[in-house]
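So the sequences go chain by chain: L and B. Taking the numbering used here, I'd label the letters of the first sequence as residues 1 to 349. Taking the numbering used here, I'd label the letters of the second sequence as residues 350 to 957.
Please note that the accuracy of each hint is not assured.
Stated by the list, open to error - Covered stretches of chain B, as calculated for chain L (at least 3 residues, CB under 8 Å):
1) 466-480
2) 709-723
3) 766-778
Hints are computed from structural coordinates only; laboratory data are not their basis. Every residue, glycine too, gets a C-beta built ideally from N, C-alpha and C.
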Amino acid sequence: MASSGIIGWFEAIGLGDRAAVGGKGGSLGELTRAGIAVPPGFVVKTAAFEEFMLALEQAAPVRARVAELEAGDLAAISACSKELRARIQAAELPAAAAAELTAAHASLCERAGAREVAVRSSATTEDASDASFAGLQDTYLWVTDAASMLDRVRACWASLYSVESISYRRDRNIAEDDVAMAVVVQSMVDARAAGVMFTRSPTTGDVSVVTIEGAWGLGSAVVGGEVTPDRWVMGKITGEISVREISDKHIEHRRAGGGGVEAVEVAEDRRRTPCLSDAELGELRQIARRVERHYGCAQDIEWAVDSRGELRLLQSRPETVWSSRDAPPAARAAADPLSHVMSIFGGRR
Amino acid sequence: MPIPTASREFPRPSSLKVVPGTEGAQAAYPYYMQFTAGDDSRFWFYNSMHFPEPMSAFDMVTAEAAYCALGAANTRVHCLPTTLGIDYRILNGRVYIGGNGVTDPAEIARRTEEFKQRAFYYYENWERLYAQWKVKMLALIREAQQLPKVSLPEFEPLEHVRAGRGIASNHYLLETYQKTLEGYFRMWHHHFEFLLLGYGAYMTFFAFCKKAFPEISDQTVARMVAGMDAEIFRPDEEVRRLARRAVELKVHAHFVEGRTAPEVIASLERGGDPGREWLEELKTSRDPWFNINVGDGFYHYHRSWNDDLSMPFAGIPGYIKLVQAGETLERPVEKLQAERRQLIADYRELLSSDEERGAYDQMITLAHRVFPYVEGHKFYCEHWYTNLFFNKIREFGELLAQHGFFANTEDVFQLTHFELESAIVDLMTSWSTGSAPRGPQHWPAKVAERRAALKEWARQDTAPALGPVPDIIDDPAIVMLWGITRESLDAWLSAGDGSNASTEIRGFAASSGVAEGPARVVRSVEEISRLRPGDILVCQVTNPTWAPIFQKIAAAVSDIGGSMSHAAIVAREYGLPAVVGTGSATSRIKDGQRIRVDGGRGVVTILQ
């Protein structure tokens, strides 16, 4: 389980390694090291991507092709994307790298006692609080063997050259040489339910509540907006549940027969059943507090609970909407502490 | 006066009619409590929080004495900048009240200067003044206890003659009555000496919390401030203590669910030394802690636990079961205190800056300073003193009944306090002249008329508010004491639009938790015995002295009350889901309907 130039196990990496392991990988490492339950895994560092791209660039230019694209020229971008993605997908990994990844994968499967992994892109620009383009890269769930894993790693790399990703970079004039992609390989959580949570209120910005959204099955249905999740608002400190909206969760994302994910209909009697118990909500709240304390700022977290009821975090990143707003203090310390009562007695017009 | 638009107006006072056939009873109330034409231009609301049932002629003394003292404190003593006192009127037995705001900026500025000199002095010297208050209050209670028993001998006792007292017993009737009445008016001044200032300091912290943490629940703020050993918890703690003693003394078998208090006591008296020992324990609990009303103390029939032991005795069997199940009934005060400290520290940590934390510290410090009064005064004022007062009046009722004025003692409460004084003078006169008193010809018919009117008025719904809706409610007294805001008035207005069809009723989230069960709509204290385990209590106003039954019900819902109300505090203590201040639960929920109470959200749902 030793880390190397191209492999970084979660236990060995943190946010400080973002340039090498990407935002998602750094965050998962950070959580693991903070003692938060995260499915075990490793990161295929950007060095592997660089090595792979070097070989590819030698055959024909890649980055120069993207750099010369005109922002907004969708036709040119689409054509270029199609060509580059096909090239990435078709190329073999350098033999040494492929061997190292396969060994790491075997080691992970042994440790987890299961063969299934998730392969998730972890861009170096992704998940930073100043440039949230989360979701532009791909995630592959229920990848069942080493060969498929390698294939999905290339697919993640290729997603860096999707039409959306290229457009995003061209629009913002992000230099192509600065762009690299790490890939997370992580044990799959057989999610009974999954979703997201914010360590503040998305509607009022209140930092004293935790907002939790979740639905049956894998979190992809919630993140992708394919199902209206159950929603709870809890006092971060008190645990009081002030909002309890149980939705009609008509579909859930489940493992597909041959690997991957499929959307299946939820049986009538489960649709309106809360996907989390109050005890699980309480546990999520505690995790939210720990993660927030660890980072020192409000967090946007992805979670899953497996069939045994065990909670795992899949992602945590700084909340970006409210933290960028500077709210004035509710009140300031006064020279005469009694003067505060004038806010009540002095008239409120 | 701007002309209010139709949609923004409640019925005007002049459009409300005295219920036909009750005109005589309505006319009995003093002239200054009757609506007049000029009242149409003002906003009034029905004070169902304090006076949820029609007020008998005598009981109006509570409104009178309380508003007299509240107004004095606000208008003249502390000089609240934006408000004077509260005006009150009575119609069909219902007490309507209206604030008396100050709007002229120059006058507000002038009053602000006065206020700071006065109120700030109180805040700065709170502990000393409150310690002094308790001494004054206990002295007042002692004075009331020491008033002579109301009686008229046939002949003046020989020892009075030999002592050369020179003043006959009939005179002492008047003196005792006037002292009784005077003491009651005085008590209400004590009651309001700190009240608005105390609530104001609490509300300052409350408003800060709502601004800093927009979604914080009212009950969380209340928990940060609430005291752990307030007098209000004590009566119920005594009931728990008695339950524990019953088990220790092995006399618990005498406490059979459904047995009346006198039956239990008789059975204990036959139960040898342990039974008698328990009865001694009961005695120590009774004085003073059972001087607590089964209501808010504002009605003569809100008898104290001492007058009627059925309430505390109703709680004992349940507590005995808990003791036998190995539960400790003592409130873990130290643990609760540690939890409160942690809660305060945790919220403090969430604040965004040291500057904000500084303000938080200043406000919560003041809130903690004032809170012992906010929580403690009720026991001394509304409970202990009020019991003494009504029981003293009862002695007059008994004497007058003996002389044929009334068919029974309780009829005395159908006279205003002015009328009662006239009846007493009538009796004094007849005792001295040796002629028959006139009262027996005069009062029985009036009493019958008024009793019939009260019954009729109780059957009628009354408008929650009257007159034009003000644009804003800027009266700290009304906002703090009654929780009335523009939003709540709009809700009342729309409730009158036939939107009652909804099965959802909203109120204040007073104590979190969700419970389902059959609704027991309890309109008066006498109906408490109808409550069965698992029922949901639906009432106009809950009272902390109902605590012993809180262990047996599943949840509580009230028409009136804020999350700061004592009932809310006690419900939280019990972990009993509660929604208060719904405005209309007792009229919209039918007895026996299945309902769901979500105390964390403040929502009651009618399920069938």
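Hints not upheld, ascending by number: 3
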